[in-house]
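**Q** Please build the complex by placing chain B on the supplied structure of chain A, with the hints as guidance.
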Amino acid sequence: MSELLVNPLFLASAVPFAVAVAILCGLPKRWSVRLAYLGFGVPAMLALWCWANFPAEAGAGYAFTVRGSTGLEGFGISLALGLNGISLPLFVMAGLVGLAAGLYAIRSTAERLKLYLMLLLFMQAGLMGVFASMDVFFLYFFHELALIPTFLMVGIWGGRDRNYAAMKMTVYLTAGAMLSLLGLIAIYVKSGSNTFDLPTLRAALAAQPLAATTQKYAFALLLAGLGILVSLWPLHTWAPLGYGAAPSSAAMLHAGVLKKFGLYTLIQVAIPLLPEAARAHGQVIAWLALGNVLVVGLVTVAQRDLKQLVGYSSVMHMGYAFLGLACFTAAGTGGVVMLMVAHGYSAALLFLLTTSIHQRTQTLDLAEMGGLAQRTPVLAAFFVAATLAGIGLPGFANFWGELGIFVALWKFSPWFCAAAVAGVVISAIYGLRAVARVFFGPTTPALNNAMAANPPADLGWGERLPALILLVMLLLIGFWPKSISDTLNAALTAAPARVAATR
Amino acid sequence: MPTDLLPLVEQAGRNQWLAIAPELMLGLIALLLLVLELVLPKAQRGLIPGIAIVSQIAVLVALIINLSTPYIGAGPTFNGLLQHTGGGQFLRIFFLLASILTCVLGTVSLPRQRMPHIEFYHILLVVTAAMMLLAQANHFVMLFVALETVTVGLYILVSYYRDNPLTLEAGLKYLIMGALSSGILLFGITLLYGAVGAVPDADGRLHTGFEYQTLARFLATHPGNFLASAGIVLVLAGVAFKIGAFPFQIWVADVYQGAPTPVTAFLAVASKAAGFAVLLPLALEVFPSYASLVIPILSAMAAATILFGNIAALTQFNVKRLIGLSGVAHAGYLLLGVIAGFSQPQAVGAVYFYLFAYLLASFAVFGVMTQLGGSDDATQDMDHYGDLARERPFLAAVLAIGLGSLAGIPPLAGFMGKLVIFTAAFKAGHYGLLLVAITGVVLSIYYYFGWIKAACFPTNPDPATPVANTRGPVHRGLGLALGLLAIASVLLGFYQGALGRWLLGL
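Taken in order, these protein sequences are the chains called A and B.
First residue of the first sequence: 1, per the working numbering; consecutive thereafter.
First residue of the second sequence: 1, per the working numbering; consecutive thereafter.
This is chain A alone, in the form it adopts within the complex:
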């Protein structure tokens, strides 16, 4: 127990959780807000500390490991935390996006702020746990811990259609979670090692791979379940609806961080443990992912509501991630992780800025907006930067992710690569069109009247600071990708070697 209390990974999850419980127990509002800074700040600081101190010699192994017991050893479940090269950048991303979302929420005008912060803190606790778990069961468990507050936040603070959106999201995501749970149980039971511990499972299945049919069913379950969670076409319909209704910080955390759980589980669990079935599903994944890139991409172009547009574009970008996975090469998977990290920052930034725009224009309809850049130049600059990052312009983190994926995809199939590159054009169309509609061109009379009555202020520090955190990370990784790619490489080049050895 004392070992747990000095472990940075455990504390990164425990501190926000403890603060949330304190608020739940009836802390006064002033103290709730003060402690919330702590609850969001500590995980971010710990994540940065882990990043700075990650041992280079860790290779494919785990660092900062710690283990604890919860009393279910009979079912192979025990708390095991640790970071490897794949989870490290995501852990850092979870910490920083959480900090940005938390700061934005603290300075927001949401009613029932205490409850809002409490749910966000529970979510943050889950998010930090997801990427720090070495135990497959706890990986799932932390994901669900973070997922439940999302439903409540959509239902309580949601915008248009919140009731329908919350219900649809809940049913879809529960179905996805249940299917993936079944897949994880299948791996646990069939591996015969009687543990959910990921390193042990990897060693056991590398020595004795599962039978082909078992692999096939387990992987199909995981792909269907995780596919719903990551909004893989055609199971994506909950996502734009949910994000459209979700309050800003919840959308930032869910679209930015939590949704990466599905891809992360595929990379860390499903593909290394079920290599043959994964390869057999490569074509299926690639075709469905193309649905995300092209079909959802075109749907995004047709959106008239800014928040829906941002939601759809986030679904679309998940298509690139699946395309990269379908290659089953270190370069492709590395590109996927880079894109996951980059998309985490850029999607969160876009959702934050969209809410800021909405507060100033009181509308999200693209047809009713225009000319905002003259009045709020800083907001415009941030939004342009976030859009360019989303498109994948060099200099932003997303570029490296997409580049890695496209290079890997060319070897997989030049046709898929060409279709994926066409997707970049699509995202440029809707991205730049949104920038043009919102910030440039003439102001509509209705908007003019609204803004004359209530002149919009430019981005204040309460909004600027979280946006800056996200933008700095996008640029940092964009100009210095080595900051995350070194550890990532070490982990990935070791993993496929083992896959190759089992074939």
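I should point out that these hints are in silico values taken from the structure, not numbers from a laboratory.
Predicted model only: the values in this text are computed from it and were never measured.
Hints may contain errors.
[As the list claims (entries may be wrong)] Among chain A residues calculated to face chain B with C-beta under 10 Å, some are:
hint: 1; residue: Phe75
hint: 2; residue: Leu115
hint: 3; residue: His143
hint: 4; residue: Leu145
hint: 5; residue: Leu147
hint: 6; residue: Phe151
hint: 7; residue: Leu152
hint: 8; residue: Asn163
hint: 9; residue: Val171
hint: 10; residue: Met178
hint: 11; residue: Leu182
hint: 12; residue: Ile185
hint: 13; residue: Val189
hint: 14; residue: Trp461
The beta carbon of each residue, even a glycine, is placed where N, CA and C say it ideally should be.
**A** Just chain B now, kept in the frame of chain A:
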């Protein structure tokens, strides 16, 4: 059969009364309550429910302190009527806990009715003692007598608020269905008894099919006996009535709706668990040699129960009917655990764990229902819960935790219960049933979440409107119990600790 009295007298001299001390104490407390009502002056009769609760807690503490009695695993006592096991110890604690919580609900619900109070607690204690004996039964006569004590007590409790027509309807339905199921069960027992006949042991003493061990030995040596098969099917049908499994679930919705809310809670939790207390030893220790007959029956029942319960609950707006039908679905998940128990001994512990999580969550929900129910507690719709989160955030939080745990949402105890049952079922290879169960869980999200939505999501879009606060303050004792239940549901989801190790090791 020649009756030789002397050996029986000798046997009686060796009865170990200490083995059933908790049950005896409950019986004495029940009698004491009636005496107190006669003796105490009118002003002090209000103390009697408190005395009932405190004395039961004392018995519970004593039971927990003496958890590992020397009788466990030491063979049958009372001339083969009872057998004491670790699982039996858990069920005793379980029933006692359910009884205490029902008493707490009763202290809130009963004063709203113009009814005598004390008999309620008296009957409840007797029923609880009978359930605790039922959990340790090792003999069909013991089983039947204990079961009838339970059922007859429940007939009265179900129709306790007798001036409410819906309650009377519920009482009548429960009486008819209960009598029918007892008849079916008895017929099954008779067939089994007849199939076995009298078997002499090495000492020349005659044993009958009433005894579990004798019956198990007979079944093991006589595979495919038609009479025994028919008996097994009828016994299973009789038990299925008690747990509300398909196709014997028809009484559930009406009875749950009409019965007083505390009694509904007791029916949903303790009575269902009593069914499993009967089913577990019968299925896994007596009938295993007829597994090829029992497993298909239970499997079909489990699948149909899960689907029926969840689909029927989808359309309900009356919360008592809803929770009744969702309880049917829970019986299905538990049956899945029993089926897995045939090849996975771990599954029994999983069923116990699930039952415990179900108790915590159900009483949390029923507690909120009791608090919010008016004098007519058969009509409580989801609309009654509008804006609960703004008016009574505590109740809304408890309700959300309880319903979330019932739905099996992590990180609550109910999720761990489902996880251990599903894992055991997966190990046992029941993939088809698991898919059904997963479907059921997803369906159940719709109505559980709909209820949470009704209570927690704001109905009034204008936040400036002052809170109406039409709901009275929370009863203090009930509030304490609800808080403890909610905390336990959450804690048990994160950390199962010694309890998890004990239950899953049983």
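**Q** Does each hint hold? Answer for all of them.
**A** Going down the list of hints, with the structure as the test:
Hint status for A/Phe75: holds, given a least beta-carbon distance of 6 Å to chain B, under 10 Å. Contact between A/Leu115 and chain B, as hinted, is supported at the beta carbon level, the nearest pair being about 8 Å apart and thus within 10 Å. With a cut of 10 Å, the hint placing A/His143 at the interface with chain B holds, because the nearest CB-to-CB distance is about 8 Å. For the restraint placing A/Leu145 at the interface with chain B, the shortest Cβ-Cβ distance is roughly 5 Å, inside the 10 Å limit, so the hint holds.
Residue-level restraint check for A/Leu147 holds (minimum Cβ-Cβ distance to chain B is 9 Å; threshold 10 Å). A distance limit of 10 Å between C-beta atoms decides the matter here; for A/Phe151 the minimum to chain B is near 7 Å, and the interface restraint holds. For the restraint placing A/Leu152 at the interface with chain B, the shortest Cβ-Cβ distance is roughly 7 Å, inside the 10 Å limit, so the hint holds. Below 10 Å, beta-carbon pairs count as interface contacts, and A/Asn163 has one with chain B at about 7 Å; its hint therefore holds.
With its C-beta approaching chain B no nearer than about 6 Å, A/Val171 sits inside the 10 Å limit, and its interface hint holds. Given the 10 Å rule on beta carbons, the hint for A/Met178 holds: about 5 Å separates it from the nearest Cβ of chain B. Contact between A/Leu182 and chain B, as hinted, is supported at the beta carbon level, the nearest pair being about 6 Å apart and thus within 10 Å. At a threshold of 10 Å, the smallest CB-CB gap from A/Ile185 to chain B is about 5 Å, leaving the interface hint in force.
Interface hint at A/Val189: satisfied, since its Cβ lies 5 Å from the closest Cβ of chain B, which is below the 10 Å cut-off. Restraint check, A/Trp461 versus chain B: the minimum CB separation of about 26 Å is more than 10 Å; hint violated.
Checked against the numbered hints given earlier, this structure breaks only hint 14.
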